Every structure is written in structure tokens, then in C-alpha cells.
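**Q** Sequence:
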Amino acid sequence: MAGIHAAKRIEPGEIDTEVAARAMRRIKDYLMRHPSEETIRVDGETGGDNALILPREVVNMLAFILAQAAEGRGVSIVPSHAELTTQQAADMLNVSRPYVVRLLEAGEIPFRLIGTHRRIRFDDLKDYQRRSEAKSRAAADELSDLGQELGI
Numbered sequence: 228m229a230g231i232h233a234a235k236r237i238e239p240g241e242i243d244t245e246v247a248a249r250a251m252r253r254i255k256d257y258l259m260r261h262p263s264e265e266t267i268r269v270d271g272e273t274g275g276d277n278a279l280i281l282p283r284e285v286v287n288m289l290a291f292i293l294a295q296a297a298e299g300r301g302v303s304i305v306p307s308h309a310e311l312t313t314q315q316a317a318d319m320l321n322v323s324r325p326y327v328v329r330l331l332e333a334g335e336i337p338f339r340l341i342g343t344h345r346r347i348r349f350d351d352l353k354d355y356q357r358r359s360e361a362k363s364r365a366a367a368d369e370l371s372d373l374g375q376e377l378g379i
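Under my numbering, the residues of the sequence shown are numbered 228 to 379, in order.
Where hints are given, some of them may not hold.
Computed beta-carbon distance windows for the label pairs [as the list claims (entries may be wrong)]:
{"#": "1", "residue 1": "LEU377", "residue 2": "THR343", "range": "49 to 55 Å"}
{"#": "2", "residue 1": "ASP350", "residue 2": "LEU370", "range": "39 to 45 Å"}
{"#": "3", "residue 1": "LEU320", "residue 2": "LEU370", "range": "40 to 46 Å"}
{"#": "4", "residue 1": "ASP270", "residue 2": "ARG358", "range": "23 to 29 Å"}
{"#": "5", "residue 1": "LEU377", "residue 2": "ILE237", "range": "45 to 51 Å"}
{"#": "6", "residue 1": "ALA367", "residue 2": "LEU320", "range": "17 to 23 Å"}
{"#": "7", "residue 1": "GLY240", "residue 2": "ARG357", "range": "29 to 35 Å"}
To be clear, the hints were calculated from the coordinates, so they are not data collected in a lab. Please read these numbers as outputs of a predicted model, since none were measured by experiment. Backbone N, C-alpha and C fix where the C-beta goes; we use that ideal spot for every residue, glycine too.
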């Protein structure tokens, strides 16, 4: 069962880019033609009552994954409750692992210890990222306002 809760990753080049691009176009065309449908019926060989029914948001996510694959990019999907290592968190924030450890020790991001290893919930990391980006935007706005006041 542990595999269900782990991050899933498609490495760059694992999906044929032409197949991904064609599938993405078909999905996007369908979504554009049916903007109010909340569930999407996927008819295959078994159609009828056995058709696969997907929530619209899942189909949107699938279209995004296919768009990335069509560009030759890899994709990772991380469940919101997943726990990350400090290195995984650092990679997601594009910072060093020691910097993440300092953020954890300063109480900026909640974590738990498993033995001596720190684990960070994905949701908590995203919350920190949103707060950090909001602070950066506020600081940039403040600098811009100050520049206008000074005529710079």
C-alpha cells in the first residue's frame, strides 16, 4: 500500500511526444466542446455501462501531464498528504538542503522526526511557499511604491 501514497514520476522521454501531443489535443478539444460537463465518459472497447467515467479535474490534470510529455518534460505527482525528505523539499523550493533544515528549525515549516530524519508534509511545504511568495510580492510592491515616491 505504501506505493499508492508515494510520489509518482514520469521521466522525460518515457512517453512518445507525438502520442502525448495528439492525446492532449483530443482531450482539450473535448473539454472545449463540453465546458459544462463535470464528469467525462471514456468509451473504449467495452463502452456502454462499463465505460470509464472521470472527474473533469482529473481529465484537466491528464491534459497537463500530456502537454508536459509532448514537450519532452518529466512530470511528478505528489499526493497532498505525502511526506518529503529535506532533500526533496529543497529540490521543490530550489534551495539547498541546509537552508530547508534552518527553515524547519526556525519553525517556518512544520515537520516531524522519524528517528533522526525530518519529514515535511507536502501541504505544509506548499503553505510555506505561498507565504514566502506573498512576502516577496509585498516587498516588491513596497520597493516599487518607494521608487515612485523618490522619482526613480
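**Q** Is 49 to 55 Å right for how far apart the beta carbons of LEU377 and THR343 are?
**A** holds (51 Å)
**Q** Is 29 to 35 Å respected by the C-beta to C-beta distance linking GLY240 and ARG357?
**A** With Cβ atoms ~32 Å apart, the hint holds.
**Q** Indicate whether the distance between the beta carbons of LEU377 and ILE237 respects the range 45 to 51 Å.
**A** For ILE237 against LEU377, whose Cβ atoms are near 50 Å apart, the range 45 to 51 Å holds.
**Q** Could you say whether the range 23 to 29 Å given as a hint is met by the Cβ separation of ASP270 and ARG358?
**A** violated (45 Å)
**Q** Mind checking the hinted window 17 to 23 Å against the Cβ distance between ALA367 and LEU320?
**A** holds (19 Å)
**Q** Using the Cβ atoms, figure out if ASP350 sits within 39 to 45 Å of LEU370.
**A** violated (31 Å)
**Q** Does the Cβ-Cβ separation between LEU320 and LEU370 fall within 40 to 46 Å?
**A** Since LEU320 and LEU370 have Cβ atoms about 23 Å apart, the given range 40 to 46 Å is violated.
In this structure, the earlier hints numbered 2, 3, 4 are contradicted, and the remaining ones agree with it.
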